[in-house]
Structure formats: C-alpha cells, structure tokens
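S.K.: Residue numbers (my numbering), protein chains in the order written: chain V, 1 to 352; chain A, 1001 to 1288.
Hints listed in this document are in silico derivations from the structure and should not be mistaken for laboratory results.
Computed from a prediction, not measured in an experiment: that's the story for all the values here.
Hints may be right or wrong, so weigh each one.
Unchecked claim - Among chain A residues calculated to face chain V with C-beta under 8 Å, some are:
#, residue
1, Leu1035
2, Leu1085
3, Leu1089
4, Pro1091
5, Ile1109
6, Met1269
Stated by the list, open to error - Over the 10 Å line for every Cβ pair with chain V, so calculated as not near, a few chain A residues:
#, residue
7, Gly1055
8, Arg1087
9, Val1093
10, Gly1098
11, Ser1101
12, Ile1106
13, Ile1135
14, Val1144
15, Val1220
16, Asp1258
17, Pro1262
Here a beta-carbon is modelled for each residue, glycine too, at the ideal position from N, C-alpha and C.
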Amino acid sequence: MSAASATPRVSAVQVGWAVRGVALVVVAVLFIEAPNVLSPYWTLIATQVVLAFAIAAPLNMLTGNAGQFSLGNAAFLAIGAYTGAYVVLKLDYQLPIALVVAGVIGATAGFVVGLPALRLRGAYLLMSTLAAHYLVVFAAQRFQSAQFGAAGAIFPPLQVGGVDLSSPRSMYWVILAFAAAVALVIYNVMWSGYGRAIEAVKERDLAAAACGIPVARTKLSVWALTSALIAMAGVLQAYLIGAATFEYYTLDLAIVYVAIIIVGGLGSLTGSFLGACFITLVPVAMNHLTEKYGPGVGSTDGGLLSHPLELETIVYGAIIIGFIILRPEGLVGVVRSVGRLAGRITGGGRRG
Amino acid sequence: MSNFLNAVLSGIGFGSLYGLVALGLVVIFKSTGILNFSAGALMALGGLVAASMTGNGFWIAAAFAVVVVTVVAGASNVVVMNPLLGRGLFPGVMVTIGLASIVEGISAIKFGARALFLDPPVQNPAIDLPGELTISSTLLVSLVLALSATVVLSIGFQRTGVGLQLRAAAARPEVATMFGANPARIFTYAWAVAGALAAIAGTLLASLTVADMSIAAFAVRAFAAMIVGGVDSLGGAMAGGIMIGVIELLAGTYLGNDYRIPSTMIVLMAFLLLRPSGMFGTPEVVRP
C-alpha cells in the first residue's frame, strides 16, 4: 500500500477523534452550565433526569449487556437509602462516607441476589428478583421502624466538609458528577475484555465457559458492580427527596427503570440517557397539557384531561408496549437510523 | 388450637383464589413461555366490573365480569402479544406490564377512585363448624369453584382438540403449525381462559374485601403459587395456591399482618433455590 493512499485515511480518523473530543467538551459544558440557564423548576427536572440515568445505566448493564432480567432495582435503591440514612443520621458521617458504605453493602446484597442467577434463568430468575424485592422492602420497613420511626429517615440538607450543597443547583452538580462517574465506569468496563466476557455470557453461557470465561464469577461480579452503583444512587435519591420511606420503594418504581432502558435502548449508555429523558419528561408533559387544556383538579366533567394521573398511567403503558413492538432497539436505534439517513443524504456516509 | 385451624381453613379458601389465578398463569406460561404480569390488573378489572353492577346480585354481576375480562384478555393477546411471538421472555413480560398499566388507568377512569362493594355469593356470610370453627361462605364458594376449574381445565387440556393443539403449539410451534394448529389463535384461547380465571378470583376477592385496584396486589401470591406448584402443572398450581394461602394466613395469625407477604416470598425463594421445578412440575421446563 502506498503512502499516498494511507495518508488521507489516517487524517480522516484524526479528524473523527477531534470532532468527538470537541463534541464531548461541548456536551460537558452544556450539562455543567444547565442550571445557570434553567429556572429552578427545570433544574429540578434536569436533576431527576440525571439521577434516573445514574440508576438506569447500571440496570442497563445488568439487563441489556449481561442479560439478567431483574425487577430488584427498587430494592437496591432502598438498601442504599437506608444505609445512607444510618451512616449520616446515626453514625454522623457525611455523604462521601455514606456513598462508600452504601456501595459496599449494595455490592454484598447484589452478590447475594445474584447467587440464584447461577442456577436459574429466565422466568425463574425474574421470580427470584421479585421475591428479593419484597423481602428487602420488608427488611427496610423493620429497619425504619426500629431506627427512625414511622415518618421514615429524614435527611438533613446536604453538606460536605462544611460546604452547603443543598440548593437545587448544587444538588444538580453533585448528582451530575456521580452520574458522570457511573457512565465512565460502565463505559470502561464494557470496552474491556471483561465487558466482552459479559456479552459472551449473555449470548451463550455454555459456549462462554468453553472459551475459558469464568461464567459464575462474571455473573456475580456484574450483579455486585451494578447493585453497588444503584445503591449509591439510592443515597443521592434519598437526599434529593429529603427522606427515605419504605412505601416509596414499590415494584412500580422498579418497573420505571426497566421502562427507561427499553425506551432508550438495551445495552447502550446513550440509550439509558435518552430513556431517562423520555420517561422523566412524560409526567412533566402530561402536567403541562392538563394545566393548559384541562378543566382543573377535582372537576368531574371535561373529558379525559380531568383524569391526569390515570391518563399518565395509560400513556406510560402504551409507551412501553409501543416501543417493544414497533421500536425494539429503542430511541438510540431511532437516533442511529436518522444518523445513517443523514449520512446517506450528504453523501459522506463512510459506513453506509 | 381453634385459632390455628381457623387460619388453616381461611388459608385454604384464600389459597384456592391464588390457585385460580395461578392456573391462568400456568396456561399462559405453558403455551407462550411468558409470565403474565397483567394478571393482577385483570383480577381488579373483574372485581370492579362486578361491583359496578352489584344490584343484580353476585352471580349475574360475576358472570358479566367474567365475560368482560375474557374479552379484554383475548383481545390483548391479539393486539399486543401475538406480534411478540418468539421474541422471548423480556419483551413479553414488559408488554404485559404495560398492559397492566393501561387496564389499570382505564378502570380508574371508568369506575372512579373510590372503592366499590360487592354482595357475597351466599346470603349468610359465615358458616359455623363444630369446635369453635367458622369459615366464610364466600371462601367455601371459592374453594368449590377453584377445584372445579382445575378439573375442567385438566380435562380440557388432556381430552379436547383445542387442548391437544395448545400442548402441541407449546411444545413445538412450527411443527404444530404444519399439522394444522394455529398458534396465534390457540394462544388467544389461553389468554381468554386466563382472563376468565382472573375475573372469577377478582370477583370473589372483591366481595371478600373491597373492589378497587388493591386487588391487583394479590397477583404476587399467584406467582409464588405457580412456582411452588410447578410451572407446568395445573393441579400443582392449585396445590401451590392453597399452600401459599395457608402459610400466609398462619404467618398473619402468629407473626402479624406485616409478615404475610414476606412469609410467602421466603417460601418462593426456598423453592427457587432448592427445587425450581416445584412440587409437581417436570424438571426440564427451564426455558433458556
């Protein structure tokens, strides 16, 4: 191959990386500057989106990449929230210690919940995560009434090292930093040999074992890692809500995050983010719709919009069904096909 | 002692209702390999439809509820489940969850947020037995209906043409198609049967407690019953339901109401870990 034909290709790759680098910086600046531009209301919604991403991304790694269908994520959020509450309120440590302890306890719990995954598959594994959900929520209920009383664990305003971080903007930045760390961890793991082992175990665990991949260790470490991340997010979620109450950790909450990864796209970090935006914004959009066109709260006539909550439930179910049947690859698939189309139209589509 | 026996008697009654729903779960799982998470919403829909026409007496209201929920379940299969045939567990289960959400939302709009009440099937609410024992007449009706449903379904599976086609379509859909079975239509029957069973259970639960969406919470016991009994056994589902019901009510009597769900979940977990094929299931039913 001559140098003349090799040179332009190398520079194209370099240009590609430069574009990616610039795009990354632009996105980072947009995320960091968001609360300086947005109103407090939209800052709170942005916080919820970023937090939903930080919870959905590990779940997506567990379900999308490792193929372990779990309804146990609300239980891990509860484990994180109550661990955090105990560390902050009873032991009097601050958020960083609470995050570390929640991570350790979450990893341990994930290891235990993952143990049945070594023997069980499919429907049976799903049932064991369902049982684990109810048992953990029950334990949380006992723990709450023993340690914190009926009202739940009330969190103090967030402070780290004497710096007050309880304003909506600071909360956003704290949660954004955590979400970025989660994304970085998952991105690096999935692009390592270990990540490929995870994908291999999902496709065919017998074949993976034949290739020398330790299936049991791979499965258990995915459960431990993702559960640790979800439990840590649970601490931040409890701080954002201001309290940990066991009634909050329902099966419906667990389903929300599964819906996020379906709508966004399985096994994709971008998908987790797009899904988090979409599912978080559905109730917001419904609220605006009802406020604008609805007859007002409590009125009985005025058609469907006089039932905003019920309508939201219906729309939510329809979104889940619609994406699974019509767009199984999720929003990230839509974005990719739009990108391909744009590439074809401009004629620069090297990858077709 | 009478406390213990009363708890066991009520446990058998409630358990037969979980068994009814578990029968529907087994029929759907056997044929399509999907866990139906909309069973709870279908139960609640049945209870609400019946309670909305309680003026006509229990039996007419219940019959109407069964027809409505059967049609809803069958239609659900045609509209949203059939397009998913062969896509596996995860998409299927999530679609049933979405379906539950839609059914729940529509019922809440149609029947309002207040709880409704439904008359019991038999006028005198409790039957006294010797030795300070009593059992609710509604639970007795439940047990009779549940056992008959188990027998009828078992005969239907083993002795009728539709049952044969269903078993064939469940075992090898492509081969069954070659021999003239239409899996899509057969699975619609399976869903319709599951809907009818959920409606019967939901109606009886509505007359035992109140008719609102809280009935849907009973479905988790049906999942436990299904696993404990053995996922591919109809008689097992009923036996599992009764076992779960008895354990739940004993835990409620001796440990407190907070322990009712956790006790059943511990039993479920124990079976999953030690004997995933349940009491009566065949061991090689794991669908990878």
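S.K.: Hints first: check each against the structure and report whether it holds.
M.R.: Taking the hints in turn, this is what the structure says about them:
1. Leu1035: Because about 5 Å separates A:Leu1035 from the closest Cβ in chain V, which is inside the 8 Å limit, the hint holds.
2. Leu1085: Because about 11 Å separates A:Leu1085 from the closest Cβ in chain V, which is outside the 8 Å limit, the hint is violated.
3. Leu1089: This interface hint holds because 5 Å falls under the 8 Å limit.
4. Pro1091: holds, 5 Å
5. Ile1109: Check passed: Cβ of A:Ile1109 comes within 5 Å of chain V, closer than 8 Å.
6. Met1269: A:Met1269 check passes; min Cβ-Cβ to chain V is 4 Å, inside 8 Å.
7. Gly1055: holds, 22 Å
8. Arg1087: Contrary to the label, A:Arg1087 does not stay out of reach of chain V, its closest Cβ about 8 Å off (not over 10 Å).
9. Val1093: Given a closest Cβ separation of 7 Å, the condition is violated.
10. Gly1098: violated, 3 Å
11. Ser1101: violated, 3 Å
12. Ile1106: Contrary to the label, A:Ile1106 does not stay out of reach of chain V, its closest Cβ about 6 Å off (not over 10 Å).
13. Ile1135: At roughly 28 Å from the nearest Cβ of chain V, A:Ile1135 sits farther out than 10 Å, so the non-interface label holds.
14. Val1144: Non-interface label on A:Val1144 holds, nearest chain V Cβ at 29 Å vs cutoff 10 Å.
15. Val1220: violated, 7 Å
16. Asp1258: violated, 7 Å
17. Pro1262: violated, 4 Å
Checked against the numbered hints given earlier, the structure breaks hints 2, 8, 9, 10, 11, 12, 15, 16, 17 and satisfies all the rest.
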